[in-house]
Amino acid sequence: MDRWFSPRILSIITTHRCTAACEHCCFDCSPQVESAIPPARLEALIEETAEVPSIRLVVFTGGECFLLGRRLDALIGRCRELGLDTRCVSNGYWATSPPAAAARVRELRAAGLGELNLSTGVFHDRFVPWERVLWAAVAAASAGFGVVVNIEAFEGADFAGDAMADHPLVRPFLADGGIRINRGAWIPSGSEWAGCSAPAGGLSHGPAYLRFNPSTGLTACPSSLRVVSVNPAQDLISCCGLNLEQIPELRLGSLRSRTLREVLDRVPPDLIKMWIHAEGPERVLEFVQSKDPSFPLPLDSAHICHTCQYLFRSPRALAILRECQGEVEARILEKYLLLAAGDELAANL
Amino acid sequence: MGPAPPWAKDPGCPPVLPLSAGWASACFAAFDALADPARNDRNERIDRDSRAPFPGAVAQALRMLGDDAFRRAAELVRSARAAGKAAVADADPGLRERRRLLRDLQRRYPEGVSAIRAACGGQVRHEGDKVIIVSVYTHLIIITAGELRCFENPFDGADPAN
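Sequence order for the protein chains is A and B.
If you use the working numbering, the first sequence corresponds to residues 1 to 349, in order.
If you use the working numbering, the second sequence corresponds to residues 1001 to 1162, in order.
By construction, these hints were calculated from the structure, which means they are not laboratory data.
Wrong hints could be hidden among the right ones.
[Claimed, not checked] One side only, chain B facing chain A, incomplete, derived with CB under 8 angstroms: (1) Cys1013; (2) Pro1014; (3) Pro1015; (4) Val1016; (5) Leu1017; (6) Pro1018; (7) Ser1020; (8) Ala1021; (9) Trp1023; (10) Cys1027; (11) Phe1028; (12) Phe1031.
[Claimed, not checked] Beta-carbon label-pair distances, calculated as ranges: (13) Gly1022/B to Thr259/A: 24 to 34 angstroms; (14) Gly1022/B to Ser142/A: 52 to 62 angstroms; (15) Gly1022/B to Gly69/A: 46 to 56 angstroms; (16) Glu115/A to Gly1022/B: 37 to 47 angstroms; (17) Gly1022/B to Ser294/A: 50 to 60 angstroms; (18) Gly1022/B to Asn213/A: 52 to 62 angstroms; (19) Gly1022/B to Ala100/A: 35 to 45 angstroms.
Quantities reported herein were computed from a predicted structural model and do not represent experimental measurements.
Glycine included, every Cβ here is placed at the ideal spot set by N, Cα and C.
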């Protein structure tokens, strides 16, 4: 085996089908889309995950992973038997009332689910009322799950569900950490892009979200190489980001006829993935600009995935990186290995 | 020219910035060590004359903890040799104790411990009030009472366990 990275998380995009059809959805999901990983392949994937010891967490996402129904519970249960932690990412459509939410959560608890992430915001709310997210979050936190509520953030967002943080049912769980509320930049989907620049008429964001803001952005990528994703086409991708299907360079191989381990063992080392992992795509682009001062940085980028797509869609940036790779190879590799060692240590504590 | 690498027929995307051969082998060796620390010590693929990053990583760890660490380390290993004993404990405190010690170290030297781990593959032993992180053939690192000592090739290739 020649492995040069240790993925910690397997993110399974079970389907692109969703009960919602949110504007700017990262994967263009909707009820009309039918692409999905076949159930038998999902089961096999879980078994194959056990052959990759570095992976400790399996995330079921989509689309809407709850469309799997009871199959989802069975997959979670098998993960538990194999010693794998689990997380589901959902829009909460199934929490139609507090009792319904509690009942579904009990089933998930019995199956062994550990964490629940819920997505909501202005665009989600048009399809799934935010109250369902609240009921799902409270039910899950009451059952002892770790719960994260991700709310779409952009300039001018007028979301009634922002009141969730002050809701008397939620407040106690915010205090003890049972529920966390994140506001993540909602950005145009990868398919809305044309060429290298951000789409016109897109969403805008305040300075706190800008990725080239030294006080808030310029961070390393938390998912590059640490998370590997499987999409409905059964591609394995070295990222769990919003634009993962728009960046072919992140595709590691197909799982249609090979196991997870077989694909991982054949991935050639790639300095650009290590660099993004160690320093983030903004630093990579700053390096490019240091070599070619006329190279324009995407200063309006509000999301690390936005910057990453800009990087990979710029032949000029990639050409400069190929030309100057030798100048940074030693520094990036050493930093990357130190981080990998730190990850290993943290994983074993 | 050697055989084609296993990914030559892989349908995945080729690397955007392929590593040069020396760095690629160093990288593979490091991950082998991380995946299986016990194997690190005898991993013949680590070419000490190459640009493998291990010595640099140890040096980085020491810089984080004090510039004179190498000098003090050298003195200690000289006196240990003069006394005819190697400063390595035989007893393994067990996984639970190692984890407790590592947590404590991680709190005190978060970056330093990561670097040591990268450098040595992370075999950790405990002797009295000392925590010993040892890589048999290449490095010995001792942390005691907030002090870190590091030795490169402290046993001249001999296995201190024998």
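Okay, the hints, checked on the actual structure:
1. The beta carbon of Cys1013/B comes within 5 angstroms of a beta carbon in chain A, closer than 8 angstroms, and the hint placing it at the interface holds.
2. This hint holds: Pro1014/B has a C-beta 7 angstroms from the nearest C-beta of chain A, less than the 8 angstroms allowed.
3. Using the Cβ-Cβ criterion of 8 angstroms, the hint placing Pro1015/B at the interface with chain A is satisfied: the shortest such distance is roughly 4 angstroms.
4. Interface hint at Val1016/B: satisfied, since its Cβ lies 4 angstroms from the closest Cβ of chain A, which is below the 8 angstroms cut-off.
5. Annotation: Leu1017/B was flagged as interfacial toward chain A, and the flag holds, the nearest CB pair being 4 angstroms apart, inside 8 angstroms.
6. Against a cut-off of 8 angstroms between C-beta atoms, the interface hint on Pro1018/B holds, since the closest Cβ of chain A lies about 7 angstroms away.
7. The restraint placing Ser1020/B at the interface with chain A holds, with a minimum CB-CB distance near 7 angstroms, inside the 8 angstroms limit.
8. The interface hint given for Ala1021/B is broken, as the beta carbon of that residue sits about 10 angstroms from the closest beta carbon of chain A, more than 8 angstroms.
9. Against a cut-off of 8 angstroms between C-beta atoms, the interface hint on Trp1023/B holds, since the closest Cβ of chain A lies about 6 angstroms away.
10. Below 8 angstroms, beta-carbon pairs count as interface contacts, and Cys1027/B has one with chain A at about 5 angstroms; its hint therefore holds.
11. The closest approach between the C-beta of Phe1028/B and any C-beta of chain A is roughly 5 angstroms, which is under the 8 angstroms cut-off, so the hint is satisfied.
12. With a least beta-carbon distance of about 5 angstroms to chain A, the hint placing Phe1031/B at the interface is held under the 8 angstroms criterion.
13. Restraint check, Gly1022/B to Thr259/A: a C-beta distance of roughly 30 angstroms satisfies the suggested window 24 to 34 angstroms.
14. Checked against the given bound of 52 to 62 angstroms, the beta carbons of Gly1022/B and Ser142/A, roughly 55 angstroms apart, stay inside it.
15. In this structure the supplied range 46 to 56 angstroms holds for Gly1022/B paired with Gly69/A, their Cβ-Cβ distance being about 52 angstroms.
16. Evaluation of the 37 to 47 angstroms hint for Glu115/A and Gly1022/B yields a pass: the beta carbon distance comes to about 41 angstroms.
17. Between Gly1022/B and Ser294/A the CB atoms are about 34 angstroms apart, so this pair departs from the stated range of 50 to 60 angstroms.
18. Remark: the range hint 52 to 62 angstroms for Gly1022/B to Asn213/A is contradicted by a beta-carbon distance near 38 angstroms.
19. For the pair Gly1022/B and Ala100/A, the supplied restraint of 35 to 45 angstroms is violated, since their beta-carbon distance comes to about 60 angstroms.
Hint compliance for this structure: hints 8, 17, 18, 19 are broken, all remaining hints hold.
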